[in-house]
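Trainee: Residues per chain, in single letters:
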Amino acid sequence: MIRVDEKGFYGKFGGAYIPEMLHPNIEELRDNYEAIVASEDFQKEFQMLLKDFVGRPTPLYFASRLSVKYGAKIYLKREDLCHTGAHKVNNTIGQIILAKKLGKKRIIAETGAGQHGVATATVCALMGMDCTVYMGELDIQRQRPNVERMKILGAKVVPATSGSKTLKDATNEAMRQWINNPVDTHYIIGSVVGPHPYPEMVARFQSVISEEIKWQLKEKEGKENPDAVIACVGGGSNAAGSFYHYYNTPEVRLIAAEAAGLGVSSGKSAATTALGTPGILHGSKTLLMQTEDGQVVEPHSISAGLDYPGIGPVHAHLFDIGRGEFVAVEDEDAMKAGIELSRLEGIIPAIETAHALHALNMIEFRKDDVIVINLSGRGDKDLDTYIKWGNY
Amino acid sequence: MNRIHSLFKNKQERVLSIYFTAGFPNLEDTLPIMEAIQEGGADIIEIGVPYSDPIADGPTIQDSNQIALENGMSLKKLFQQLEGFRSKIELPVVLMGYLNPIIQYGMEAFCKKCQEVGIDGLILPDLPMQQYLDEFKSVFEQYGLVNTFLISPQTSEKRILEIDQNTDGFIYMVSSHSITGAKSGISEEQISYFKRVQEMGLKNPRLIGFGISDAETFSTASKYSHGAIIGSAFIKTVKDSKNLNQDIQAYLQSVLN
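The listed protein sequences correspond, in order, to chains C and X. Just so we're aligned, residue 0 is where the first sequence starts under numbering that gives the first Met the number 0, counting upward by one. Just so we're aligned, residue 0 is where the second sequence starts under numbering that gives the first Met the number 0, counting upward by one.
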């Protein structure tokens, strides 16, 4: 059984390795979130907003030309059609309602590609809450449109200037600011990372993805279970959401595409399961890229959303026990896969998502296997990167 | 007897603990800084083990960590530097660091090495109490290391009592809702928190840290506890120092007098 235990572990990974200053916050969340999320009140508001504000259910689209090309029945779970352009909003809707019920007045968040930042700024605007988003200085440069979207939505965007100036550093900064403002502030973590209960909480809010895949596939194929689900993994929230209801269905292959950057052994990579060893990052024990002295190695990926040296503890566990198949996709291949989807299906995907698409070239499958790819986000935010890459 | 226990047996007020980052400003400054802290009249030396992602630290200590790592500091290197330091240093010495580098070194190997070189205690801010009790307490005890927990203004009375039960060195009172070096001066609200904890009658001595930088804040903190810990302000002192020994002595005198 793949599930979190009462101490917050998935097998060897997880837990809550946090400074004592954050203990009251984490304890408050841990002791209250399940009851709040289970309450009728919460569910009513959550379901209503997912439907009317986010636009759920998102379609499960049969990609006929892509299917012909790869010789399989490929479905795309259209999370790119969520309001704000990616799956991230499923989680921020859940957490903002939770924050309100906990009596919080301010929201802080970290962001990599800016999708989680935009999704957070959006729900803060929706609920009239004060919002500050921490974002690596490098990411601010490469994801300009999302920075401006956050500002239009009324959020404050604060650059994280330490380390590699990317997602890891934005997360450090958000944690520091939570330590500085523990009473009235809720930290909306955007991925299945961080101290328990965050990884499980975020996965549950994202699990609507696989919940919908099940009934949608039943309608289209007469069965709930595909042969494989493919998703990209940075921290791993869209993967966790699209795998969630299949964790314990062994006949469904769970395929996670990590970012290999310039190549797994190039020194410029973010392929955590290929390069990582067990350690502690951002409050949980997981696989992370580190030196033998235990210093975190700065990752590289062309996609800001996958540019992270760790991975959610649940994914470390899926890797550890062999339940997940992990492939490492290089920058160049991801870009080509993004263009391919644009030309074959008329969908320009986020560069993060393009990594999952390239996995079709890396795994073996039988002819007519039913494969669901979680199309986690759209590529509007990545136009600059596509243009700079230029090969289209 | 562990030097931390001896210290508090003989001194219950105005205990001054000084934090510095190993390998900062220069790789080989560790021993000279320790000697200067001892000569300057402080009571405890806290050596910070640099880490790439210090989430409880503000910009001053973050920068010192980064520079120390660029200088080539590591746990292995630090233990090499600490070989034989006990011939010069009598003060209790505590290592403070984040968990990950220590876990990579190996917790048991780390504790053993600490005992061999003469370390008295550990402060690991991201090691939660439950994990300590479940996984590491027996190892710490086996190698005679005193573990220090942090508490903050938000820590509940119940948890403070639990922490007090599970340590026998001192309790590190974080002075406010903050990361290191974030605030200066001590407010009325902080003083009421100091008093509240003072009146709990804990078995362990308490040192107040975060936001302590000069004679005034040191004296105020000492009024409500057994003393205080200075980190960021000390890092600033050594940062641009041309004469470490002289500048450290002068700084410590300014705090103690």
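Check each hint, because a few of them may be wrong.
Computed from the model, here is a short list of chain X residues facing chain C with C-beta under 10 Å [said to hold, decoys possible]:
| no. | residue |
| --- | --- |
| 1 | ASP56 |
| 2 | PHE84 |
| 3 | TYR97 |
| 4 | PRO100 |
| 5 | PRO127 |
| 6 | LEU132 |
| 7 | ASP133 |
| 8 | SER137 |
| 9 | VAL138 |
| 10 | ARG158 |
| 11 | LEU160 |
| 12 | TYR171 |
| 13 | VAL173 |
| 14 | ILE190 |
| 15 | PHE193 |
Keep in mind that the hints were calculated from the coordinates and are not lab data. Computed from a predicted model, the values in this text were never measured in an experiment. Where a beta carbon is used, it is the ideal one built from N, C-alpha and C, also for glycine.
Trainee: The structure should be examined with respect to each hint, and the outcome stated for every one.
Mentor: Going through the hints against the structure:
1. Interface hint at X/ASP56: satisfied, since its Cβ lies 8 Å from the closest Cβ of chain C, which is below the 10 Å cut-off.
2. At about 21 Å, the closest approach between the beta carbon of X/PHE84 and any beta carbon in chain C exceeds 10 Å, and the interface hint on this residue is violated.
3. Given hint, X/TYR97 at the interface with chain C, holds; its Cβ is 8 Å from that chain's nearest Cβ, closer than 10 Å.
4. Because the smallest distance between the Cβ of X/PRO100 and any Cβ of chain C comes to about 3 Å, under 10 Å, the interface hint for this residue holds.
5. The criterion of a C-beta within 10 Å of any C-beta in chain C is met by X/PRO127, whose closest approach is roughly 6 Å, and the hint holds.
6. Violation of the interface hint for X/LEU132 is found here, the shortest Cβ-Cβ separation to chain C being roughly 12 Å, above the 10 Å cut-off.
7. A least Cβ separation of about 9 Å between X/ASP133 and chain C falls short of the 10 Å threshold, and the interface hint therefore holds.
8. About 19 Å separates the beta-carbon of X/SER137 from the nearest beta-carbon of chain C, more than 10 Å, and the hint is not met.
9. With a cut of 10 Å, the hint placing X/VAL138 at the interface with chain C is violated, because the nearest CB-to-CB distance is about 17 Å.
10. Given hint, X/ARG158 at the interface with chain C, holds; its Cβ is 7 Å from that chain's nearest Cβ, closer than 10 Å.
11. A least Cβ separation of about 14 Å between X/LEU160 and chain C goes past the 10 Å threshold, and the interface hint is therefore violated.
12. Proximity of X/TYR171 to chain C holds as hinted, the smallest CB-CB distance being about 9 Å (cut-off 10 Å).
13. The interface hint given for X/VAL173 holds, since its Cβ lies 6 Å from the closest Cβ of chain C, which is under the 10 Å cut-off.
14. The interface hint given for X/ILE190 is broken, as the beta carbon of that residue sits about 18 Å from the closest beta carbon of chain C, more than 10 Å.
15. Look at X/PHE193: its Cβ only gets to about 16 Å from chain C, farther than 10 Å, so that hint breaks.
The earlier numbered hints that this structure contradicts are 2, 6, 8, 9, 11, 14 and 15.
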